[in-house]
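Asker: Residue numbers (this note's numbering), protein chains in the order written: chain A, 6 to 369; chain B, 2 to 162.
Where hints are given, some of them may not hold.
Below, in silico cross-link-like pairs of lysine to aspartate or glutamate (DMTMM-like), each with a Cα-Cα straight-line distance of 25 Å or less [unchecked claim]:
no.	chain 1	residue 1	chain 2	residue 2
1	B	LYS147	A	GLU208
2	B	LYS147	A	GLU149
3	A	LYS70	A	GLU208
Calculated directly from the structure, the hints in this document are not laboratory data. Predicted, not measured: the structure shown is a model, and the values here were computed from it.
Listed here are the chains, written in short residue letters.
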Amino acid sequence: MYVAVKGGERAIENAHRLLAEERRGDPAVPELTLAQIDQQLAHAVDRVMTEGSLYDRELAALAVKQARGDLIEAIFLLRAYRTTLPRFGASEPVDTGEMVVRRRISATFKDIPGGQVLGPTFDYTHRLLDFTLAAEGAPVAAAEEAEQSVAAMPRVTDILGRDGLFEAETAEDDAPVGDVTRDPLEFPADRDLRLQVLARGDEGFLLALGYSTQRGYGNNHPFAGEIRLGEVDVEFVPEELGFPVELGEVTVTECQMVNQFKGSATMPPQFTRGYGLTFGHCERKAMSMALVDRALRARELGEEAAAPAQDEEFVLAHADNVQATGFVEHLKLPHYVDFQAELVMVRAMRDAAEQDNSRKVAAE
Amino acid sequence: MNMTTHPQSNEPAKSTATDTRRAWMAVLAKAPTDALVRAWGAMSGKPAYRHLRRPETGLVMVRGRAGGTGQRFNLGEMTVSRCAVALENGIVGHGYVAGRDHRKAELAAIFDALLQDSDRRAEVEALVTRPLSEAQAARKAERRRKAAATRVEFLTMVRDR
Numbered sequence: 006m007y008v009a010v011k012g013g014e015r016a017i018e019n020a021h022r023l024l025a026e027e028r029r030g031d032p033a034v035p036e037l038t039l040a041q042i043d044q045q046l047a048h049a050v051d052r053v054m055t056e057g058s059l060y061d062r063e064l065a066a067l068a069v070k071q072a073r074g075d076l077i078e079a080i081f082l083l084r085a086y087r088t089t090l091p092r093f094g095a096s097e098p099v100d101t102g103e104m105v106v107r108r109r110i111s112a113t114f115k116d117i118p119g120g121q122v123l124g125p126t127f128d129y130t131h132r133l134l135d136f137t138l139a140a141e142g143a144p145v146a147a148a149e150e151a152e153q154s155v156a157a158m159p160r161v162t163d164i165l166g167r168d169g170l171f172e173a174e175t176a177e178d179d180a181p182v183g184d185v186t187r188d189p190l191e192f193p194a195d196r197d198l199r200l201q202v203l204a205r206g207d208e209g210f211l212l213a214l215g216y217s218t219q220r221g222y223g224n225n226h227p228f229a230g231e232i233r234l235g236e237v238d239v240e241f242v243p244e245e246l247g248f249p250v251e252l253g254e255v256t257v258t259e260c261q262m263v264n265q266f267k268g269s270a271t272m273p274p275q276f277t278r279g280y281g282l283t284f285g286h287c288e289r290k291a292m293s294m295a296l297v298d299r300a301l302r303a304r305e306l307g308e309e310a311a312a313p314a315q316d317e318e319f320v321l322a323h324a325d326n327v328q329a330t331g332f333v334e335h336l337k338l339p340h341y342v343d344f345q346a347e348l349v350m351v352r353a354m355r356d357a358a359e360q361d362n363s364r365k366v367a368a369e
Numbered sequence: 002m003n004m005t006t007h008p009q010s011n012e013p014a015k016s017t018a019t020d021t022r023r024a025w026m027a028v029l030a031k032a033p034t035d036a037l038v039r040a041w042g043a044m045s046g047k048p049a050y051r052h053l054r055r056p057e058t059g060l061v062m063v064r065g066r067a068g069g070t071g072q073r074f075n076l077g078e079m080t081v082s083r084c085a086v087a088l089e090n091g092i093v094g095h096g097y098v099a100g101r102d103h104r105k106a107e108l109a110a111i112f113d114a115l116l117q118d119s120d121r122r123a124e125v126e127a128l129v130t131r132p133l134s135e136a137q138a139a140r141k142a143e144r145r146r147k148a149a150a151t152r153v154e155f156l157t158m159v160r161d162r
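Could you put together the complete structure from these sequences and hints?
Answerer: This is how it looks when you write it as structure tokens:
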């Protein structure tokens, strides 16, 4: 139990002033602008938007700056900010099939309509520190190529789903959509809630869980069916208009994992799917999310759920890094009264133990 | 919504008018604020307007679908600003734009109203939406060309064959 303490206002204020000074650092070094963070630390902004569950590049950049690059603190700031705004409603589901694709790869099918597009990727770099970045200088301009086909790139899973070897994902739009920001999570949770929690969930936690499934803790034989990055339009139907209005575009990363499935009483042997979707370019997160989404479908697919990644309550209750850090870090706050009570109790237990011992010695 | 130009068939006319309006609203929503401010500044005969809804910022929950085509789920929210204005002739314009920029939402609403006015549409299209739409298409095409330059042909190496 936590009992409130009083006092310390002056010290706390001074601590925050010291923090502000240290955040700024050496005044001889130019201060970062939000635009610089947005443009040059783009993946930090992407992660903060995804796990902060709020798409706004400028706010996420501000949070990164205020948190001095501590991304979980930045995510916390963004989550706190969103509670100050009213919600106008929910968008139409974004159509990732209509994405303006900047990157799209499939590890399962070499020849896909639209081709394999590497886009801006760390893949195939040598992971050698590039000292030219330590000096200032403009990079070589990106190459351009007039496209052979401007046709939309269909999702790999849609093309290959047609012969029935892939599990179909069908819309059930009569069902309401669960929202963990409105209602407390209850178990068992449906897939809509699971996907929301995973989308907001900590990248590191999901990465470790996804990795654990690959190492045999609930192995589900995954392949990266498709990963795509690009911009999708977000449409919203305002009540007063009654038709969908485009609000703008958001950058998203989507991952479709395909997994071997032996089949069940109701489903023939086929490939099943795990799904990952994030704001911005968060590829590792999207892949991890897809692995864990598939692992959490064990119950629904009639598989034995024995591994940690398949344990819905364990995964969903611990995926949120704001909740996790809140509970872990609250241990730093004064627990004097609490601890005093424990101290009294431990002393009493020691006294009792000593008396016990001396009685035993006396009896011998 | 200029229904008078399609007196014959109400229903298709309505949907066409709505599609046209959706298209210009999308262009306005994706425009940079300074481009809208410049266009407004360059406009002669600025109309008088009053607010039906003052500019305000809120959130829209962005939804996705499992597997891209399946069950809907909540991905996360985005900031959105909105505004509604009425011109003196009674035409009402709405602005719904991503972000927290009140001025942008307001200008989007004003231009939306003007574009519904058949007397002013051509002028506003020429000054605002057409150049914006062309710039947006050009940016999209550039992104596509840069992505296309990274298209790769992987060869499968098969042994003993």
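Asker: If a hint holds in the structure, say so; if it doesn't, say that too.
Answerer: These are the hints, each one checked on the structure:
1. Only pairs whose Cα atoms come within 25 Å are accepted, and LYS147 of chain B paired with GLU208 of chain A is rejected, the gap being roughly 29 Å.
2. For the hint linking LYS147 of chain B to GLU149 of chain A, the alpha-carbon distance of about 4 Å falls within 25 Å, and the restraint holds.
3. Of the supplied pair hints, the one linking LYS70 of chain A and GLU208 of chain A holds, its CA atoms being roughly 20 Å apart against a limit of 25 Å.
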